[in-house]
Structures are given as C-alpha cells and as structure tokens.
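Residue numbers (the working numbering), protein chains in the order written: chain A, 1 to 194; chain B, 195 to 265.
In case anyone wonders, no lab produced these hints; they're calculated from the structure. Backbone N, C-alpha and C fix where the C-beta goes; we use that ideal spot for every residue, glycine too. Please note that the accuracy of each hint is not assured.
Negatives, chain B to chain A, calculated, CB over 12 Å [stated by the list, open to error]: (1) Arg213; (2) Glu214; (3) Leu220; (4) Thr221; (5) Ala231.
Partial selection, computed: residues in chain A whose CB lies under 10 Å from chain B [unchecked claim]: (6) Pro115; (7) Gln123; (8) Ala124; (9) Leu125; (10) Thr152; (11) Ser164; (12) Thr169; (13) Ala174; (14) Met175.
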Amino acid sequence: MTDLVARGQAFDNDGRDHPEARFESDGRSSFQGVFEHLDWLRRRLGNAAEAADLAHDTFIRLLRSPQQFDSQPAARAYLRVVANGLCIDLWRHREIERAWLDTLAVLPEAQAPSPEDQHIVLQALHEIDTMLRSLSAKVARAFVLSAACGMTHQEIAYELGVSSRTVRTYITQAMLHCMRLEAASLVGESVEQA
Amino acid sequence: MATTWFSLLNSGHATPADRERWQIWLTSGPESQAAWAFVERVSQRFAPLHTAPTPRFPTRRTQIEGQPAIP
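All chains should be modelled from the sequences, with the hints used to inform the complete structure.
Given below as structure tokens:
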C-alpha cells in the first residue's frame, strides 16, 4: 500500500484538518506521483492551466474514494486512468461548445441570442450531455429531439431510421434513466444538507 | 407509468381524451404526483433550449436536403 492511500484515508477519517495542512505536515513528497502527471496531462492537453485543473480534480476524486494500491506503479496507473477520463470529459465539453458556436455562426445576426442567454444554453447543454452520456447514441438522440426540439415521434423515427414504436421505447427508457439520476442527486443534496 | 405518459403526451399524437386520462392518473394519488414531479424536473433541464437555436450535428435530413437544419 502506498502513501497515496494512507493520505486519502487519513483525510477521510479526520475531516477537521485542512487537507493542505495535512499534506504539508505529513510530507507532500508522497504526492509526487500526482504532480508527475501534470507533465503528462500538459502534453495531452497542450495547456498548463487546464492540466493543473485536471490534476486538482484527480486529487479530489482520490480523496473522496480512497483506493488500495499494491505498489507505486499501480497507483500511477490508476491516476492515469482517472486523469484520462477527465481529459475525455474536457474534450466532450469542447466539442459541445464548438457545435454551439457553429450553430451561432450560421444564424442571422438579428436572431443571435444575447451573451447571457448563450451562457445559459451552453450550461444546459453540458448538463444534458452529462445526464445522457451513459445512454446509447440513438436513445439519447431520440430523447433530445423530443424534449429539446419538440419533434413528434414520427419525425424522430424518420430522423433515426427506426419505427415510431422504437422511438417510444427509446424516450421512455431515457426518461426513466434521467428520473433516476434526478432522484439520486436529490438524495445527495439532502445528505450534504444534513 | 409516468414515463409512458411523458412519451405519449409528447408524441405528437396525444388526443384530448389522452390528456383527460393523464389528468385522472395524475390526481389519483401522491405516488403519481411524485413521479410526475421528476418528469418535470428532467423536462426543465431542456427548457433553456426551447427558445434557443439548438445545436445540430449533421442529420439524415440535412444530408438529404443539403441545408443546415435551423429551427
């Protein structure tokens, strides 16, 4: 078991200490492995600030759910997997922004939403993406076309090349998935408030 | 059940009779109301997109017509 685990568990068991203070007193060199990943992240992202943000997120994820490692390489491999997942999140984030900007670019100027509205829409798009990402592409697409675009099942069926009956199944499935996430987030909120 | 109602009411084929039956279901007890509240929470997340141009990726329709689909 490496120091990474010990640190994560210590923080978990003793929330009174500020995590940074604990790193300092216990010797922050044990987190060297994480800092080494900054270089790797920077190479993947080409941006030092974003790499630092992701390294921070990697820390937080590790502290929230301490892992057991047999060796330092195993700990590194884990961090790399977590960081890679966070990179993918960021890429998705950028992809959505690009799609949104492309949409705005072809709009006549008079129809362009205000910067405030643009921000609200982008925020909603990211939330929806997070909500639907574990669904299959067709299920997610059918749901968005219905809930966001107000298309009928027949129109969606044509768009996706499936039957209206299948569209109905997709939408029911997606809604159930989202309702479960909403319920889970409500439980999370009440736990935080307690 | 709530998901089935959501699907039907947004299908584009819901009749006034369907809406009446939905109202009856909705007022039938706290369980259906609680379930519908979740449907509304989910629907609310899409609300900002209703008045905005929706980002669209290339679709079958746009490929066929060769024009970007802008609502």
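A quick look at each hint next to the structure:
no.: 1; hint: Arg213; verdict: holds (16 Å)
no.: 2; hint: Glu214; verdict: holds (20 Å)
no.: 3; hint: Leu220; verdict: holds (15 Å)
no.: 4; hint: Thr221; verdict: holds (20 Å)
no.: 5; hint: Ala231; verdict: violated (9 Å)
no.: 6; hint: Pro115; verdict: violated (13 Å)
no.: 7; hint: Gln123; verdict: holds (8 Å)
no.: 8; hint: Ala124; verdict: holds (4 Å)
no.: 9; hint: Leu125; verdict: holds (7 Å)
no.: 10; hint: Thr152; verdict: holds (3 Å)
no.: 11; hint: Ser164; verdict: holds (8 Å)
no.: 12; hint: Thr169; verdict: holds (9 Å)
no.: 13; hint: Ala174; verdict: holds (9 Å)
no.: 14; hint: Met175; verdict: holds (4 Å)
Checked against the numbered hints listed earlier, the structure breaks hints 5 and 6; every other hint is satisfied.
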